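Visitor: For reference, the chains in residue letters:
There are 2 protein chains.
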Amino acid sequence: MANSLVDQLAAIVGRNYVVAEGEDQEPYIVDWRGRYHGRSVAVVKPASTAEVSAVMKLCHAQGIPVVPQGGNTGMCGAATPDGSGRAVVIRLDRLNKVRAVSALANSMTVEAGCILADVQKAAEEVDRLFPLSLGAEGSCMIGGNIATNAGGTAVLRYGPTRELVLGLEVVLPDGTVLDRLRRLRKDASGYDLKQLFIGAEGTLGIITAAAVKMFPRPRTSAMAMVALPDIDAVLTVLGRLRGTVGDRLSSLEAMSRGQIEVIAENVPDVAIPFALESPWYLIIELTDTFAATDLRTPLEEVLGEALEEGLLTDAIIPESVAQAEALWRIRHSVSEGSKRAGHVVSHDSVVPLENQADFARNVEARIAEVAPAARIVMHGHIGDGNIHVLAILDRDTPDIPALAARINEVVDDVTASLGGVISAEHGIGITNVGRLGRVSSAADLSLMRGLKALLDPNNLMNPGKVLPPA
Amino acid sequence: MANSLVDQLAAIVGRNYVVAEGEDQEPYIVDWRGRYHGRSVAVVKPASTAEVSAVMKLCHAQGIPVVPQGGNTGMCGAATPDGSGRAVVIRLDRLNKVRAVSALANSMTVEAGCILADVQKAAEEVDRLFPLSLGAEGSCMIGGNIATNAGGTAVLRYGPTRELVLGLEVVLPDGTVLDRLRRLRKDASGYDLKQLFIGAEGTLGIITAAAVKMFPRPRTSAMAMVALPDIDAVLTVLGRLRGTVGDRLSSLEAMSRGQIEVIAENVPDVAIPFALESPWYLIIELTDTFAATDLRTPLEEVLGEALEEGLLTDAIIPESVAQAEALWRIRHSVSEGSKRAGHVVSHDSVVPLENQADFARNVEARIAEVAPAARIVMHGHIGDGNIHVLAILDRDTPDIPALAARINEVVDDVTASLGGVISAEHGIGITNVGRLGRVSSAADLSLMRGLKALLDPNNLMNPGKVLPPA
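Residue numbers (full-length UniProt numbering), protein chains in the order written: chain A, 1 to 470; chain B, 1 to 470.
Treat the hints loosely; a few may be bogus.
All copies of an identical chain are treated as equivalent in the list; a pair is satisfied when it fits inside any one copy or across any two copies.
Stated by the list, open to error - Using 20 Å as the maximum straight-line C-alpha spacing, the simulated SDA-like pairs for lysine to any residue come out as follows:
| no. | residue 1 | residue 2 |
| --- | --- | --- |
| 1 | K57 | A442 |
| 2 | K57 | A443 |
| 3 | K339 | L393 |
| 4 | K97 | R157 |
| 5 | K121 | G83 |
| 6 | K57 | A47 |
| 7 | K452 | D192 |
| 8 | K452 | L193 |
| 9 | K97 | I400 |
| 10 | K339 | D396 |
| 11 | K57 | R86 |
| 12 | K339 | G135 |
| 13 | K97 | V6 |
| 14 | K97 | E125 |
By construction, these hints were calculated from the structure, which means they are not laboratory data. Here the structure is a predicted model, which means the values were calculated and not measured.
Build out the structure end to end from the sequences listed, making use of the hints.
Guide: Structure representation (structure tokens):
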């Protein structure tokens, strides 16, 4: 059976593009974090939508589960097959053409396997911006970004991935190609079918191509890093910036003092050019598409006033690109520093912005109750209501899985009580299935399961992911 | 049966809020254009989500169709019951509370029956903008705007209604309340269920409340009206504006010469302060949230250069608010002027922007073939790829319905051949059901019908609307 399947897949894509079990499957069956080790009867690499469709038809006819995979950089194991060895992994990296770019319409059509950095580059070549930007951009693929509804640092200004998508081409579980690759800014022509597949993490179909938005490129920017006495001050300063600079606010990244201490202790080549005397730090970036716009003056005015009123305890406005990069370096060292500090139980909650201060306070208090030895630090996209809370445990803590589950529970309870959800930008994958089930209403679950049964009645599309079991 | 139903509805909402057949139902059973005259066993006006849910439970249990209705200003009859007299109309105007406004988070939570102008006002009160703006804003309701995914003149800058929605509260056909009223900017927590109901025109559930975005308010603007030798020049000038002023381009409204002539002939109090010597006219508006930004200089530079190159044949930059308003007056008189000129067969096609010139040319040629006597004029949101094409017929043209159907066919064929769809912003309703069926693929139709059967297995939600019959 397995051999004959490999032959049949080879007949579609060529034997060079099938990696059978026993061959070098390692890059495809282990997730990026190394937390899930799966097995696959065959990894197959189609080169076109037609080949994806043929592979899906074959698997559908034989009742074989499939796991779509882009750059395999997801945070929640959504692209990793389970341990049964039954699934075919469909790796999309050969669907990597930029099909069309229109600077006039500010849109481009790209295949699912295009690496995010290459999509950004294709936009730059026509003097436009594709704003999605995240740590893995050198290896993640746009299809996976869309399937996860990925976030990143530019959501504050440009919205999440979902809002960047104009149209999709999707192969359905039975191999049917659903062509909704519309390059339209307005569409009131019936149900918007593409929305089903954005953020569904490959459980309803395989995204093979997307039409996405581009934007005018920013031509000037201003930046500051400030220290604040508490999280309420962070939100007050955010409110004032909003009132003054409006949509020029393009990044607002917060770090707790503890988070920066973790970096200072564990990433020796990162310089912290200030004394760590305040509980919160904030990187603020403004951008404008008019090169001549003076962003620094309004930024200095808001910050100067805030300093006088004690809303800030310190402010650095870099005088050079190198200085600005050194400050951003701190933010970009968060993952590395935290990973070296111990076993990280990380969270991706998002709450309405006006509840962000309560969230930070309550979460810290509740985690301290259930895990008194945990080091609790926070960082993230505070302008979006999305602060990542990390509970860092000593690696020799007994029964880490049970403690992590307990920590997740209290974080999720605080999140839900404040109108939030458990994942802002990382997705559900396999990691968060149980948590999603715990916080979802019966009506939510019933409709989610109904959609799954409608689109994928045989449960062959990325089974076990996203959807809490009944 | 009918009497007992009225009693049962009255037990939920109070007898004052049930309008039985034979009572004054006229405002609720005829559409705004006066094209559809329906009947209703009872018009019911719930005051809360709980009352909507109770009404839905009752109708569900008894197999009674329901037609949700907001301001009853739709263009395609989506809120009008059919002639059977079986349906209950659920009028939502008593769900009119602004539940919450957060200037900090740039979000507000409003009930479905809030009039659009009141939603705009609530945003202004906290110095923010709710950008959705359309002709009916004084009487249309936000729930209906969302159910139709309405467009308007601000889509170019702020996106269609769908992109303004953060969360929804929806009553499902069986009365279940689906609470997805999330006020979140990012959400990667499973399927985005709210998307199903946006643009579904009440065929899958009833929107009872919405969390929507607000934006910083523009503080300065610049405007021009220009004349152009052809539609290619329109697109070239648009491209140059995009390159220079980026996202400051907030409106770009085109009118063909014929469209302005129709206004000049039929709306005597509108002044046309220029000779009608060019085939195309364009209103350009730039806005900025910094009051001090000089918008006029870059606008004059782009237009000055275009004039020299012959891309423009004339340009007016108003010197006062009154002058600017007089120019906008021309655009706002389009409906009135066209309606007085004859029987209007109007279209709401949208194509990718780069195909807009071919669209205009091909549509004009094809309509001229099938309806040589028709006066063909165009106006609309050219920056979005959404030009409304009007074929104006003499009122005594024989068999107007058959000719209109033939005109629709050729317009739809051109639209589809250029990658467009038949409705950009008006919706499908009852008017366009057949046309949607004609241009949709089998895969599209199958999935749309599957969604309808999943959410509304008894076909009680706004039956006959949107979904082409099998």
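Visitor: Need the list of violated hint numbers for this structure, in ascending order.
Guide: 4, 5, 9, 13
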